[in-house]
Amino acid sequence: KQEVTQIPAALSVPEGENLVLNCSFTDSAIYNLQWFRQDPGKGLTSLLLIQSSQREQTSGRLNASLDKSSGRSTLYIAASQPGDSATYLCAVGWAGANNLFFGTGTRLTVIP
Amino acid sequence: GAVVSQHPSRVICKSGTSVKIECRSLDFQATTMFWYRQFPKQSLMLMATSNEGSKATYEQGVEKDKFLINHASLTLSTLTVTSAHPEDSSFYICSASQGVEDTEAFFGQGTRLTVV
Chain A
1 KQEVTQIPAA LSVPEGENLV LNCSFTDSAI YNLQWFRQDP GKGLTSLLLI QSSQREQTSG
61 RLNASLDKSS GRSTLYIAAS QPGDSATYLC AVGWAGANNL FFGTGTRLTV IP
Chain B
1 GAVVSQHPSR VICKSGTSVK IECRSLDFQA TTMFWYRQFP KQSLMLMATS NEGSKATYEQ
61 GVEKDKFLIN HASLTLSTLT VTSAHPEDSS FYICSASQGV EDTEAFFGQG TRLTVV
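Chains A and B, in that order, give the protein sequences. Read in this note's numbering, the first sequence has 39 at position 39, and its numbers run on one by one without any break. Read in this note's numbering, the second sequence has 30 at position 30, and its numbers run on one by one without any break.
The shape of chain B in the complex, shown without the other chains (with noise of 0.2 Å):
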């Protein structure tokens, strides 16, 4: 299967902080990427769709100021947490596809932020 690779797996930012997590296609062109969130013991909660070059569509309830979501080329995405704060801290994971129905969803290995 195709490779999406995700960076970083894991990390700590401080209250108040940006974190740039980034979505990587390694051998398709993937022109649509989702950004998905999971809290501890919930299932995976789509946050946002991003088609390259346009802009990203939010789901209800997700702050697009607070979630920055770029994906200016086949091959890559990037979700920015703005001034992160505790309760953005979550597990974050990104799957990409061709944006054909029919066709799988790829996923990264996810991203564990912690904010302190």
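If we strip away everything but chain A, and leave its shape as in the complex, we get (with noise of 0.2 Å):
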């Protein structure tokens, strides 16, 4: 079965320090991993899109680095600021299904 697990579920950090949010996944069969962003009570805001082929991917503070191997994704955050604080999800794409797994998501709270 197919299942993308996120570690920690809620995270709260002081404005400026560097954090890690993690993302493991069943299977190593993926075609990319998404990193997306989510503001209570609205959409998604996609992040950072890594191919299979590729080990990480970097936009502005973000880094985020798959390794498919042992199924694992991080999400680095450098120098966090309070708008920062939202719900951080990972979500899989399978060879031969179009559609995304969602992990359920890593609550981020950075105290000003």
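Incorrect hints may appear among the rest.
Stated by the list, open to error - The calculated lysine to any residue pairs, modelled on SDA-like cross-linking and capped at a C-alpha distance of 25 Å, are:
(1) A:42 with B:91
(2) A:42 with B:104
(3) B:41 with A:46
(4) A:42 with B:53
(5) B:64 with A:2
(6) A:1 with B:7
(7) A:42 with B:90
(8) A:42 with B:55
(9) A:42 with B:7
(10) A:42 with B:3
(11) B:41 with A:84
(12) B:20 with B:86
(13) A:42 with B:98
(14) B:20 with B:116
(15) B:41 with A:48
(16) B:66 with A:54
(17) A:1 with B:39
(18) A:42 with B:19
(19) B:41 with A:19
(20) B:41 with A:24
(21) B:41 with A:39
Claimed, not checked - If you want the ones that stay clear, here's a sample from chain A, every Cβ over 10 Å from chain B, calculated:
(22) 82
(23) 84
(24) 104
(25) 109
(26) 110
The set of hints was computed from the structure by calculation and includes no laboratory data. Everything numeric in this text was worked out from a predicted model, so none of it was measured. Think of the CB as a built atom: it goes at the ideal place given N, C-alpha and C, for glycine as much as any other residue.
Put the two chains together into one complex, using the hints given.
Shown next, in the form of structure tokens:
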């Protein structure tokens, strides 16, 4: 069964800290992995997309890595800001299935 | 990135009525659209996959007669919640892709449905 797990479920850090969010998935036959941000009551904002052939992607203060063999991805946020407070979702696309499988998310709170 | 427009963003309806949610891809042709549902404090769960011009494929446990999906064109898919009940209150999000692996999925902004 294809599953996506995110740990921790919630994380609270003081402003300025660097932090790492974790995502693990069963079955290494993925074709891509996406990280999303979701603000309360809002839709999804795509942050980073990593194709199966890539090991990492960077956008500004965000860096996402992918290790297919171990079934893991991490989202690194540098110099966190209060505006980064949101729920971060990891979603995996598996070969043969066009839809995405979502993790349960990590709710991040950055304290000013 | 490509834009997917979902409408309405918020709707309140009476129990027993039907509600239609639209999902449009504005600048690309979406051969495949997906409908997800998100209950409070839970992750998104796929409800159904729709391919243009054919019947939608529903996930196990999703009633196809209750959640009617139409994908009549390459830029529009609709989800109709028929005879809505309070337990259908949820956040519904659509996504669209060109239906080919290794392409990015683009999401609408979601619809908050409240059935009273």
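Here's how the hints hold up against the structure:
{"no.": "1", "hint": "A:42 with B:91", "verdict": "9 Å, holds"}
{"no.": "2", "hint": "A:42 with B:104", "verdict": "20 Å, holds"}
{"no.": "3", "hint": "B:41 with A:46", "verdict": "19 Å, holds"}
{"no.": "4", "hint": "A:42 with B:53", "verdict": "30 Å, violated"}
{"no.": "5", "hint": "B:64 with A:2", "verdict": "23 Å, holds"}
{"no.": "6", "hint": "A:1 with B:7", "verdict": "33 Å, violated"}
{"no.": "7", "hint": "A:42 with B:90", "verdict": "12 Å, holds"}
{"no.": "8", "hint": "A:42 with B:55", "verdict": "29 Å, violated"}
{"no.": "9", "hint": "A:42 with B:7", "verdict": "13 Å, holds"}
{"no.": "10", "hint": "A:42 with B:3", "verdict": "16 Å, holds"}
{"no.": "11", "hint": "B:41 with A:84", "verdict": "19 Å, holds"}
{"no.": "12", "hint": "B:20 with B:86", "verdict": "16 Å, holds"}
{"no.": "13", "hint": "A:42 with B:98", "verdict": "24 Å, holds"}
{"no.": "14", "hint": "B:20 with B:116", "verdict": "16 Å, holds"}
{"no.": "15", "hint": "B:41 with A:48", "verdict": "23 Å, holds"}
{"no.": "16", "hint": "B:66 with A:54", "verdict": "41 Å, violated"}
{"no.": "17", "hint": "A:1 with B:39", "verdict": "22 Å, holds"}
{"no.": "18", "hint": "A:42 with B:19", "verdict": "19 Å, holds"}
{"no.": "19", "hint": "B:41 with A:19", "verdict": "22 Å, holds"}
{"no.": "20", "hint": "B:41 with A:24", "verdict": "19 Å, holds"}
{"no.": "21", "hint": "B:41 with A:39", "verdict": "12 Å, holds"}
{"no.": "22", "hint": "82", "verdict": "22 Å, holds"}
{"no.": "23", "hint": "84", "verdict": "20 Å, holds"}
{"no.": "24", "hint": "104", "verdict": "4 Å, violated"}
{"no.": "25", "hint": "109", "verdict": "15 Å, holds"}
{"no.": "26", "hint": "110", "verdict": "20 Å, holds"}
When each numbered hint is compared with the structure, violations occur for hints 4, 6, 8, 16, 24.
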